[in-house]
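Colleague: Now for the letters of each chain:
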Amino acid sequence: MELQGFMTDMVCSEFEDVVGQANVSRRDSDKIAYGVDYFWIGRMWADRGRALPAPEFIVRPGSADEVSRVLKIANYYKIPVHTWGGGSGSQGGALPMSGGIILDTKRMNRVVEYDEVSMKVTVEAGMNFQQLEWYANERGHSLMHYPSSLTCATVGGFLAHRGIGVLSNKYGKIDDMCLSLQVVLPDGSIIESLPVPKHAAGPDLNQIFIGSEGTLGVITRATFKLYEQPEERRFRAFIFKDISSGIAAGKEIIRKIHPSIIRLYDEAETISIIKEVLGVAKKGSFMNLAVEGIPEMVALEEKILIEICKKHGGEDLGGEWGKKWWDNRITFFYPGHIMDIPQLFGTMDTIGTYDNIEKIYWAMKHAVEDNFPNVRFIAHFSHWYEWGCMVYDRFIMDKPPEDPEEAIRLHNRIWNAGIRAALANGGVINDHHGVGLKLGRLMKEQYGPAMKVFEGIKKSVDPNGIMNPWKLGL
Amino acid sequence: MFSEKADKNAKSCRFCWMCRHLCPVGLVTGKETNSPRVKGLMVSLVERGYGYTAEMAADMYECCLCEACTNDCATGFEPPVFIREARTRAVVEGIAPPAVQKAIDDLLAKGNLYGKKPGKLASGYADELKGLPAKAPVALHIGATIACRAPEIAAAAIRLLKKAGVDFCVIGGELQTGAELGDLMGFVDDVRIVARAAAAQVDATGAGTLVVLDPSNARMFVRECGEWGCAPAAKVVTATSFFAGLVKSGKLKPEPLALGRVTLHDPCRLARDLDESQPSRDLVAAMGLDFKEMFLHGRMTKCCGGVILNNHSPQLTDLTSVGRWEDAARTGAKTVITACPGCHDVLGKKTPEGMRVEDIFVLLAKACGV
Numbered sequence: 019m020e021l022q023g024f025m026t027d028m029v030c031s032e033f034e035d036v037v038g039q040a041n042v043s044r045r046d047s048d049k050i051a052y053g054v055d056y057f058w059i060g061r062m063w064a065d066r067g068r069a070l071p072a073p074e075f076i077v078r079p080g081s082a083d084e085v086s087r088v089l090k091i092a093n094y095y096k097i098p099v100h101t102w103g104g105g106s107g108s109q110g111g112a113l114p115m116s117g118g119i120i121l122d123t124k125r126m127n128r129v130v131e132y133d134e135v136s137m138k139v140t141v142e143a144g145m146n147f148q149q150l151e152w153y154a155n156e157r158g159h160s161l162m163h164y165p166s167s168l169t170c171a172t173v174g175g176f177l178a179h180r181g182i183g184v185l186s187n188k189y190g191k192i193d194d195m196c197l198s199l200q201v202v203l204p205d206g207s208i209i210e211s212l213p214v215p216k217h218a219a220g221p222d223l224n225q226i227f228i229g230s231e232g233t234l235g236v237i238t239r240a241t242f243k244l245y246e247q248p249e250e251r252r253f254r255a256f257i258f259k260d261i262s263s264g265i266a267a268g269k270e271i272i273r274k275i276h277p278s279i280i281r282l283y284d285e286a287e288t289i290s291i292i293k294e295v296l297g298v299a300k301k302g303s304f305m306n307l308a309v310e311g312i313p314e315m316v317a318l319e320e321k322i323l324i325e326i327c328k329k330h331g332g333e334d335l336g337g338e339w340g341k342k343w344w345d346n347r348i349t350f351f352y353p354g355h356i357m358d359i360p361q362l363f364g365t366m367d368t369i370g371t372y373d374n375i376e377k378i379y380w381a382m383k384h385a386v387e388d389n390f391p392n393v394r395f396i397a398h399f400s401h402w403y404e405w406g407c408m409v410y411d412r413f414i415m416d417k418p419p420e421d422p423e424e425a426i427r428l429h430n431r432i433w434n435a436g437i438r439a440a441l442a443n444g445g446v447i448n449d450h451h452g453v454g455l456k457l458g459r460l461m462k463e464q465y466g467p468a469m470k471v472f473e474g475i476k477k478s479v480d481p482n483g484i485m486n487p488w489k490l491g492l
Numbered sequence: 021m022f023s024e025k026a027d028k029n030a031k032s033c034r035f036c037w038m039c040r041h042l043c044p045v046g047l048v049t050g051k052e053t054n055s056p057r058v059k060g061l062m063v064s065l066v067e068r069g070y071g072y073t074a075e076m077a078a079d080m081y082e083c084c085l086c087e088a089c090t091n092d093c094a095t096g097f098e099p100p101v102f103i104r105e106a107r108t109r110a111v112v113e114g115i116a117p118p119a120v121q122k123a124i125d126d127l128l129a130k131g132n133l134y135g136k137k138p139g140k141l142a143s144g145y146a147d148e149l150k151g152l153p154a155k156a157p158v159a160l161h162i163g164a165t166i167a168c169r170a171p172e173i174a175a176a177a178i179r180l181l182k183k184a185g186v187d188f189c190v191i192g193g194e195l196q197t198g199a200e201l202g203d204l205m206g207f208v209d210d211v212r213i214v215a216r217a218a219a220a221q222v223d224a225t226g227a228g229t230l231v232v233l234d235p236s237n238a239r240m241f242v243r244e245c246g247e248w249g250c251a252p253a254a255k256v257v258t259a260t261s262f263f264a265g266l267v268k269s270g271k272l273k274p275e276p277l278a279l280g281r282v283t284l285h286d287p288c289r290l291a292r293d294l295d296e297s298q299p300s301r302d303l304v305a306a307m308g309l310d311f312k313e314m315f316l317h318g319r320m321t322k323c324c325g326g327v328i329l330n331n332h333s334p335q336l337t338d339l340t341s342v343g344r345w346e347d348a349a350r351t352g353a354k355t356v357i358t359a360c361p362g363c364h365d366v367l368g369k370k371t372p373e374g375m376r377v378e379d380i381f382v383l384l385a386k387a388c389g390v
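Each protein sequence line maps, in turn, to chains R and X.
Positions in the first sequence are counted from 1; adding 18 to them yields the numbering used here.
Positions in the second sequence are counted from 1; adding 20 to them yields the numbering used here.
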């Protein structure tokens, strides 16, 4: 059903009644703001001057109660709802591809409770994560979630897409850091997960909504762990002759100690990005590590990792390059360093067990470089576990087709080839950027009949299918 | 058409989110358009054939040009470059918001944003001017915002200079530098003409040192006039720096003030644009105050909104002011000290109960017994 004639104005008045006139917009310039996120296709589309996907309404609630009332209205009129936090996702997850409503959460930006007894903080989901981190820093604490998008994204955005930061080896992913959630369901019910994340009271409600990308409801509040700032953080960099020896060292390290950072760059990325930003002009695979905490433990962990790296042939570059990498860790992502239009590019981060991870890397590299002329493939391995690690592969084509439709087709073919190579070798669709519009079509290929579980949940909580249509393959 | 420089910056910023956490307007409004990314996207779309609309123009004015985004950019891009040009275009095309156009008209006709008639601006500190020469080795520049909104700052500064035995003259509030016009309509020729005239008037005093009370004007004399080759012959120093020097040399001897805990709000024009934050702290220390730093201070300071935004969009500075007060409250301070009349004005309109905002020169005068 489409809203005809002045029906749009009638519905708009209802939204204004809930959130106030100043927080509902149908202005064209506001619509432009939501027509592009970090997804390559959206950016290319804008660069070519094409009409951007646009919502009919932008609604900016200031509380869970207002979200609830907005969703009740949306459900009654069966209007699609696209939840938008920072809009910095790379998978097109927040784009209003079906028009309808953009529900911008950024007015919900308050710290609700700061609990130094249990070391946890409860915050509204629209808060910018860097702002939250600074709030904790003021008190000598940290959330230890340091992704490159720390300054860009909101609390809810990281949760919706299962984000991860560079210190994950020690502190975990966002889904490890989150203790509890408040979610508004599509029918307007405001629900809370249990006050603690570890229990035997049935399946984990948190983990149903974390990573659901706005398809099952709107995350409005979350509680996170807090950490004391480490007394010391020490860096150490090494050059290995190849990724195999680096991976061997990495997995031995993570099984013996708890470094906060292990990042191993393949030879191609060592030459290109590492040399450009850090100035390390050595052949091989560059690895940066960090250990942190109490100085005595840091010294011991550093001694152990040096021994392990040397055992696997790593050339010790000392602490300077690692510190330099840390200081520049976000610089890599600024314009001028990061890939940008007109280049065609994408990050196909995936994860696998140690028996598969190199197979995955090589299969994806061949699938991309052998089938698509003039496409480069670079990668690094970060986010390590006792059982496996993530590979952050990126493809880059400097001169993609001028024609935007042709460019989209090529983009999608490269993605299909790369991801299917990962899936065929024990990888997954994505490690920490999410699925969104970009990869939704591949969800059924990955999950097979297990996809029914997600579809069942979706049908149960969102029978009208209003929440973020066509995302996550739902 | 935008300039090559503006286009290059817009193209770089349009798909970059890295500085959005610092935008004081974006943080308090939560509006996506209040981010350098979206403003850059709009400029780039206009360059690609989208029409430049009054809505877009209005969005370009929801920014205090505080340069927090520029300061944070690891690769040196400058959103204010394209935002200023977008404002120029809005004015040229007649689509600037009415409140902005009124501010420009007031500045062009009366030389100030506050509707005061020229020649009447010194009324708030007229007594202090008696007996001062027209020419002297040191000239004190007052500026329209102080003259119109906080004349007690001018009076305090003049009394302090007299107490320190400085041979000085005063350049009154009538002399605009182009700082406000440059923010409202971009750095166009009209603004350069105003800045040149201001520099020439400074030169006419024969002063070797120009002490500038309002950081916005100091930045204009130092940065823009420098770039345009019309800087005054005098050495330009900020008032905070000059008075800190007088204290250090013993020409001013402040006594301790009992204010309880205080914090400093660094004006962005002073701390970021001119990279000056230490003299304010030296003055606070000299007054024996119990000082605690706000988390965002120095070059990382968060703009309170500023006088321009306050003039044409006071509903926005209501929010930005509250945002900065929340930062201050977390220090436990009851008093926020500023060194900028604009900040004093904007923070003053939303002072929370039990807290207060004080100007640093007024406090110094009190500490020095004048």
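Be aware that a few hints might be false.
As the list claims (entries may be wrong) - Facing chain X, a subset of chain R residues (Cβ under 10 angstroms, in silico):
1) GLY80
2) TYR94
3) ILE426
Claimed, not checked - Residues of chain R clear of chain X, computed beta-carbon distances all greater than 10 angstroms:
4) ASP46
5) ILE50
6) ARG66
7) ILE76
8) GLU156
9) ARG251
10) GLU404
Said to hold, decoys possible - Here chain R is said to cover these stretches of chain X; the calculated rule only asks that three of the stretch's residues, wherever they fall, bring their Cβ under 8 angstroms from a Cβ of chain R:
11) 32–44
12) 74–81
13) 93–103
14) 196–205
No wet-lab data here; the hints were simulated from the structure.
Values in this document were obtained by computation on a predicted structure and should not be read as measured data.
Backbone N, C-alpha and C define an ideal beta-carbon position, used for all residues, glycine too.
Colleague: What hint numbers does the structure not satisfy?
Modeller: 2, 3, 4, 5, 6, 7, 8 and 14
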